[in-house]
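**Q** Protein chains in written order, with my numbering: chain V, 1 to 287; chain G, 1 to 313; chain W, 1 to 481.
No wet-lab data here; the hints were simulated from the structure.
Please note that a few of the clues may not be correct.
[As the list claims (entries may be wrong)] Here are the simulated DSBU-like pairs of lysine-lysine, each with C-alpha atoms no more than 30 Å apart in a straight line:
{"hint": "1", "chain 1": "W", "residue 1": "Lys77", "chain 2": "G", "residue 2": "Lys258"}
{"hint": "2", "chain 1": "W", "residue 1": "Lys366", "chain 2": "V", "residue 2": "Lys279"}
{"hint": "3", "chain 1": "W", "residue 1": "Lys81", "chain 2": "V", "residue 2": "Lys102"}
{"hint": "4", "chain 1": "W", "residue 1": "Lys424", "chain 2": "G", "residue 2": "Lys192"}
{"hint": "5", "chain 1": "W", "residue 1": "Lys73", "chain 2": "V", "residue 2": "Lys102"}
{"hint": "6", "chain 1": "G", "residue 1": "Lys255", "chain 2": "W", "residue 2": "Lys326"}
{"hint": "7", "chain 1": "V", "residue 1": "Lys61", "chain 2": "G", "residue 2": "Lys258"}
{"hint": "8", "chain 1": "W", "residue 1": "Lys424", "chain 2": "G", "residue 2": "Lys18"}
{"hint": "9", "chain 1": "W", "residue 1": "Lys408", "chain 2": "W", "residue 2": "Lys434"}
{"hint": "10", "chain 1": "G", "residue 1": "Lys45", "chain 2": "G", "residue 2": "Lys192"}
{"hint": "11", "chain 1": "W", "residue 1": "Lys458", "chain 2": "W", "residue 2": "Lys434"}
{"hint": "12", "chain 1": "W", "residue 1": "Lys408", "chain 2": "V", "residue 2": "Lys102"}
{"hint": "13", "chain 1": "V", "residue 1": "Lys101", "chain 2": "V", "residue 2": "Lys46"}
{"hint": "14", "chain 1": "V", "residue 1": "Lys61", "chain 2": "G", "residue 2": "Lys45"}
{"hint": "15", "chain 1": "W", "residue 1": "Lys312", "chain 2": "G", "residue 2": "Lys241"}
{"hint": "16", "chain 1": "W", "residue 1": "Lys366", "chain 2": "G", "residue 2": "Lys45"}
{"hint": "17", "chain 1": "V", "residue 1": "Lys61", "chain 2": "G", "residue 2": "Lys218"}
{"hint": "18", "chain 1": "W", "residue 1": "Lys458", "chain 2": "V", "residue 2": "Lys101"}
{"hint": "19", "chain 1": "W", "residue 1": "Lys458", "chain 2": "G", "residue 2": "Lys241"}
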Amino acid sequence: MSRVDVRKTHKLFIGGAFPRSESGRTYEVNDAKGEFIANVAQASRKDARDAVLAGRAAFAKWSTATAYNRGQVLYRIAEVMEGRRDQFIAEIEQGEGLSTKKAAAAVDAAIDRWVWYAGWADKYAQAIGNTNPVAGPFFNFSIPEPTGVVAAVAPQDHSILGLVSVIAPIITTGNAVIVMPSPSAPIPAITLAECLATSDVPGGVVNILTGAPAEVMPWLAEHADVNALDLTGIVDESVAAELERQAAGTVKRVQAPRSGADWTSPPSLDRMRSFVETKTVWLPVGI
Amino acid sequence: MSLLPTRPLTDTSNAGLKAYLHGLPGVDAVGLEARAATLATRSIKNESKAWAIDTAISMVDLTTLEGMDTPGKVKAMCAKALHPDPTDNTCPSVAAVCVYGDLVTTAREAVGDRIHVAAVATAFPSGRASMDVKLMDTKQAVADGADEIDMVIDRGAFLSGNYSKAYDEIAAIKEVCGDAHLKVILETGELKTYDNVRRASWLAMEAGADFIKTSTGKVTPAATLPVTLLMLEAVRDFETKTGTKIGVKAAGGIKTSKDAIRYLVVVNETVGDAWLTPDLFRFGASSLLNDLLLQRQRMRDGHYSGPDYVTID
Amino acid sequence: MTFEYAPAPESRSVVDIDSSYGLFINGEFVEPASNTFLKTINPATEEVLSEVAEAGKADVDAAVQAARKAYNKTWSKMAGKDRAKYIFRIARLIQERSRELAVLETLDNGKPIRESRDVDIPLVAAHFFYHAGWADKLEFAGYGPDPKSLGVAAQVIPWNFPLLMLAWKIAPALACGNTVVLKPAETTPLTALAFADICQQADLPPGVVNIITGAGETGRMLVEHPDVNKVAFTGSTEVGKAIQRAVAGTDKKLTLELGGKAANIVFDDAPVDQAIEGIVNGIYFNQGHVCCAGSRLLLQESIAEEVIDALKRRLGTLRLGDPLDKNTDIGAINSRMQLNKIEELTKSGEDEGAERWSPNCPIPDKGFWFPPTVFTNVTQAHRIAREEIFGPVLSVLTFRTPEEAVEKANNTPFGLSTGIWTDKGSRILWMANKVRSGIVWANTFNRFDPTSPFGGYKESGFGREGGVQGLGAYLHVEDPS
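The shape of chain V in the complex, shown without the other chains (with noise of 0.2 Å):
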């Protein structure tokens, strides 16, 4: 007989931790060919409520870290990652219904684009700040800071590379996010939360809320506390456009969507300009 196995339960991830959702509740998720995987938590508007606070206590330390430790830090994830990667392969293959040798092109490319938002942590300022050449006596200076609170939808195909496309430029550059993975294929996520969780990265920089996206982002689109919305996995336009509506009320940054974006081109400095706000500075220059 051959070994029974030890099944994981699949929990949300706040503040480092790994929380049922308060709500109690579950939801199935199946793979590719419709068997039962398992049953994922469905976060409920508090635990969105609860992902906000752990994001905005986990920003006040992330984003005044260096720009050399948070880099540290992604490498790090980066090194965790690639110890899972077989893990990884085997549940794109399961969720998604790929070829192994696609899933391991999918995980290949995510953990590669990972180390290359890695690599931007000290190095984005230099691309997208600049000093200016104001006319008068002044040395004048913009430099990207972190707009805070970031909440975001993962693509909803592409469990793996898409998620890792929308993360890693948020938190590279000093925010906090909470993410919505997939919701027919989350288990990626679950295993992202916890190459997190193993790595040195403060609690809260990311939480991971499985779940419904129209349950619960209208509640992250009006939040006060939330700074930005990243809306990229929403596949519904007329969704999409509450959304924003929503966010209005708050004057949040929208990031808009972008279903069937092609994963596996190189990215550009979009994502990373689009969670930064620019802060210039004048100072008399004078004996």
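On the provided structure of chain V, position chains G and W as indicated by the hints.
**A** Relative to the frame of chain V, chains G and W by itself:
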């Protein structure tokens, strides 16, 4: 012109004090913290570590300042203050016990004349009470047997720029102290900037403080290495100006022997040997003493000790 | 009661030094064709640490060929993200072996272990970490959409920060897609050879990094080798000029990082205690063996006496001695030759009429040592105000106004760094604008970071290392013509 004050402070009006205090050199926070961090890398080993531990023990003001203090608690602490390590009578006594004013009598009875009794006074820790209350608080403690008074500076007055109120208060408390030594607590955690700490240090010293003390221990941050370094620089410069040595007490947040030894290094390399005595440097602490005892036992016995081998009181 | 610090030596057991080293060519240690070796000693004790190969012409050829082959067949064809991962591996390995590298650096160079441990080695790791992340992002560095590497880089580095200077050279070269042949200084080869071992541990493709040990002649043969595309040199101005002459008329791109005679300027409103630390750090850190050392202290005349008194008081707490002792502040002078130079120039200071002072400093019997020294009443015309001493010797001059400070600071053929101490922000910026030096430190000194470009004006050299500007030295940046 010179960098530091050279003439005596004669104009103690608010304008006079402001000109004096605001004329002191500024403090670069990054540079100050970097210097403290470098001093913290000193590696103190073997015989110098043993010496430092004993010295630190002899500099402790063993403290209890809780609402739930009772005569029983104070007596137990006093016994420990006199004989910190019941297994080893080569262990030095601490410098003083530090209690609230209404427990001074109990403390003095318990320690006799063997160590100092310090009383906190002037509406410790907030300092928010009338001058009459503060004077009475002090007088009573001295009458009951306190030979040291730890007063708090009026932070409200200081931060609103009312330097002469803060100054006059210290001078008045010093007068009613009589022979008792006056420590002035700056509460650096509420002063916030190093420039304020430098100014408050000079204000307190000019007003008659015998010691300047970092904190009440009731506010975080309490004592830190950079803030203590800054205060030591102030007493060093004050001695250059007046010939008088003022003591420094670092209080609150100093938990381990490693911390305490770092403070002694900072004293050593800023003001030198002359201040390495309980007459001029103190630690305001409670749990620090046990860690010093554990480290002392480790050095004596050659293996790590444990909580069962030091007393809780 | 006196607080004496008991000896606190860092253990040597973490380091394993071979009795002899070959050259690191094409991924392996090989015996030199020249069959000659040089001894390397510990300058604190004069004990021989090891012997290393002295590369001759055939060896230099072999190294350049290996670099060329690796460039053509492997490294120039490799995607940026893969180059990045090799360099990340190197950064991590340096972090993992940091204690060993710090002890080795102290043994070979003579600098205090506190400095190798807390400054040199962490910066080395950081340089590789920073540059690893550029390898796959060069299109964003401002050099065009697809900047190309140069080919083979010949790199010659000095003895004052051996492994750090290696990092400043190799990290950007590799990130930009070049292969390298690097010659460490004659007196400090050991950490470069340990680095070769790290390249092996990282499985770096053979030939991408080649380390050839040797003296001045080896360096000359390397930079003059016809199949080298880029020459990078850090060292004395004299040798830098010789290299510039040798490379003239060729297609080789050149960057030079040479000497300095930096002015450290203190105004009457300076945060004085921190300024004292900055003065001390500026000239006594690394025994003054720093190209950007604050070797000329320019004090505003109104506060000069007080600052000098405070400085002398502070110098009394500096601890000179065994570099491996964790409490040592001032280590050994790197070589007998360097010590002779320092002594000669210091004597000239006395002969020319400046006043010399040192704190009471017990000097060990063996090894090369020089106590921290201050000269007051120095003027611009004194040799000790003009020539780089490269030792723990500070020359103090005075000024009256900011304009005069600027004039005096700029009145030198050098232009590497300047220090400015004042509480007034606008004056910091005004001074920074006017001083002709590549680095300006305000209310701090000797701060280095891989993101921050470093390099000089005038005879302190040209080109920058670190930051976005530093990448340009290793890429084709000219217009196609």
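**Q** Would you pick out the hints that fail for this structure and give their numbers low to high?
**A** 1, 2, 10, 12, 13, 14, 18, 19
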